[in-house]
Amino acid sequence: MSDDLMQKIVSLCKRRGFVFQSSEIYGGLKSAYDYGPLGAELKRNLMTEWWTDMVHRRENVVGLDASIIMHPRVWEASGHLAGFSDPLVDCKVCKERFRADNAPRAEEGADATLRFPDKGAAKAALTQLTEQLGVTAERRGKEIVGLKAGAAGYVCPNCGSPFLSDERQFNLMFKSAIGATDPLGEVAAAIEAGKLEGLGGRELRTALEELTRPSAVYLRPETAQAMFVQFANVQQALALKVPFGIAQMGKSFRNEITVEHFIFRSCEFEQMEMEFFCEPGTDEEWADYWMNERMSWWRRYANAPDKFRFRAHEDAELAHYARGCSDIEFAYPWGWGELEGIANRTDYDLKKHAEASGSKLEYFDPVKQTKYTPFVIEPAAGATRGVLVYLIDAYHEEEVEGAKGKTETRVVLKLHPRLAPYKVAVLPLVKKEGMPEKARAVVDAFLQKGIAARYDEQHAIGRRYRRHDEIGTPYCLTIDGQTNEDDTITIRDRDTMEQRRISIDGAVAEVQKLLA
RNA sequence: GCGGGAAUAACUCAGUUGGUAGAGUGCAAGCUUCCCAAGCUUGAUGUCGCGGGUUCGAGUCCCGUUUCCCGCUCCA
Numbered sequence: 001m002s003d004d005l006m007q008k009i010v011s012l013c014k015r016r017g018f019v020f021q022s023s024e025i026y027g028g029l030k031s032a033y034d035y036g037p038l039g040a041e042l043k044r045n046l047m048t049e050w051w052t053d054m055v056h057r058r059e060n061v062v063g064l065d066a067s068i069i070m071h072p073r074v075w076e077a078s079g080h081l082a083g084f085s086d087p088l089v090d091c092k093v094c095k096e097r098f099r100a101d102n103a104p105r106a107e108e109g110a111d112a113t114l115r116f117p118d119k120g121a122a123k124a125a126l127t128q129l130t131e132q133l134g135v136t137a138e139r140r141g142k143e144i145v146g147l148k149a150g151a152a153g154y155v156c157p158n159c160g161s162p163f164l165s166d167e168r169q170f171n172l173m174f175k176s177a178i179g180a181t182d183p184l185g186e187v188a189a190a191i192e193a194g195k196l197e198g199l200g201g202r203e204l205r206t207a208l209e210e211l212t213r214p215s216a217v218y219l220r221p222e223t224a225q226a227m228f229v230q231f232a233n234v235q236q237a238l239a240l241k242v243p244f245g246i247a248q249m250g251k252s253f254r255n256e257i258t259v260e261h262f263i264f265r266s267c268e269f270e271q272m273e274m275e276f277f278c279e280p281g282t283d284e285e286w287a288d289y290w291m292n293e294r295m296s297w298w299r300r301y302a303n304a305p306d307k308f309r310f311r312a313h314e315d316a317e318l319a320h321y322a323r324g325c326s327d328i329e330f331a332y333p334w335g336w337g338e339l340e341g342i343a344n345r346t347d348y349d350l351k352k353h354a355e356a357s358g359s360k361l362e363y364f365d366p367v368k369q370t371k372y373t374p375f376v377i378e379p380a381a382g383a384t385r386g387v388l389v390y391l392i393d394a395y396h397e398e399e400v401e402g403a404k405g406k407t408e409t410r411v412v413l414k415l416h417p418r419l420a421p422y423k424v425a426v427l428p429l430v431k432k433e434g435m436p437e438k439a440r441a442v443v444d445a446f447l448q449k450g451i452a453a454r455y456d457e458q459h460a461i462g463r464r465y466r467r468h469d470e471i472g473t474p475y476c477l478t479i480d481g482q483t484n485e486d487d488t489i490t491i492r493d494r495d496t497m498e499q500r501r502i503s504i505d506g507a508v509a510e511v512q513k514l515l516a
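Note that my numbering has the first sequence beginning at 1, numbered continuously upward.
Derived by calculation from the structure, the hints in this document are not laboratory data. Glycine residues also receive a C-beta, built at the ideal position from the N, C-alpha and C atoms.
Derived pair list, reagent style BS3-like, types lysine-lysine, alpha-carbon separation capped at 25 Å:
(1) Lys30 to Lys251
(2) Lys175 to Lys251
(3) Lys414 to Lys449
(4) Lys449 to Lys438
(5) Lys307 to Lys414
For each label pair, taking beta carbons as the anchor points, the in silico distance ranges come out as:
(6) Phe20 to Ile68: 16 to 26 Å
(7) Ala452 to Asn292: 27 to 37 Å
(8) Lys14 to Gln458: 19 to 29 Å
(9) Ser357 to His396: 45 to 55 Å
Please construct the entire structure, taking both the sequences and the accompanying hints into account.
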């Protein structure tokens, strides 16, 4: 059922021009998606709503639009360069993949006991050990005993097996090279000069890294760091007093181990983040404040507000820099999943960057005459996730009575009017008696005001209504026979399908009122 | 990356033991039509994901590969 819903949404997205697979005619590129005309509007509307709410409506929050490529030392200081290259290992017995540094320790030669959920699984594992790995061991119920831990120094956290793949580095940051010359030229020159001769494994890797390091740059894996790095500039330029926030929207890039669920997790994605700098000791209060602000923002545009919830991170899953973190989760078709994280990042980031750069990233409180490193509350939302969330929230199938009295299924995207790609569709009831001309004039009036409007005369009126239901157009304006008599048109509500008459001259003002 | 499934028209899908690529929907043109995918006429659209192989002949069989979906894992 849930897969079904996602498939319908994916299909609608393509058919109606919300989201296309990237580079589709070349076979597609993994996890890359393009936002079509309607998707571009939806995403833009969503992000504009965020910016308006977070920046324009608040005196103490300002914006930033930083470059995606920053100095590589930013990522060293932030911990991303190390943290995003954690060695991962696969278990050869149960196929579990895990982080080597989180695995249960087991010194070489220590007893290793494999545990399985039931006897059947243990039997199967024993057979596998014997046949594929050539190992003899003994099974006792759900366990396999008589094995020793290997040189790795740890065992599989899932089944306890010491049969593991080599550690593999996953570079989760997109690496690129800045400069007009290809760093491979340096490598080629070094090879020709024999400088790499005799090197292997880790040594060779290190040597190659050193050769390419001068030109190595990374695409940002989050927008947050620029706001820490520019903290002092922003604070001084605008003479901001703590507490204040810096907000930023934009693309981020991560080589995710797995991408999934359409645009839910992709390597290139868009974020809406704000770093709120506050006095130490007031941080928990501000964390509560922003949690409530952000939750009410998400719910404001939703049909089903109860599909959003908080989930506090347990201590074990907290990032090393965070004192606390609460996710705003949404009930996706596949289950609850993250949409936004509100983290208390303490003074970790500012201190790290101060230390690494040698710059003072402190705040002097002119009233209290004290100097301190502010604490940071970070509401970090996924903009592209937001698009998916509202598409899922908006997608409805309804049984309605058709023209001939039989029940039909109506597909309607109940997008919030401010998020909807088109605000109005203007339809001549029939293509004659001057109706198309009048409809065109109405469309022009909307476009002059910068309101996304669409003229549509194709096919029967009912079909046009349904077509706009499917892309979420909240209002359809129809020019009919009566328009010629009294200069009124009908306005149809997408969700109720009810119509009422309004004056043709007041149409723009009427819709503006509805959108406000 | 590992394991499982899938890919045929814009969408949803059929396609027999290998023998000239189909339907519905949608789309386009026109007629009709004064309000909820109505009716009629006409029309266009296929590198059958891509690349090899087997074969007289491959949408169909084999191999590789790409992409998508479902689990493991990671995050916004």
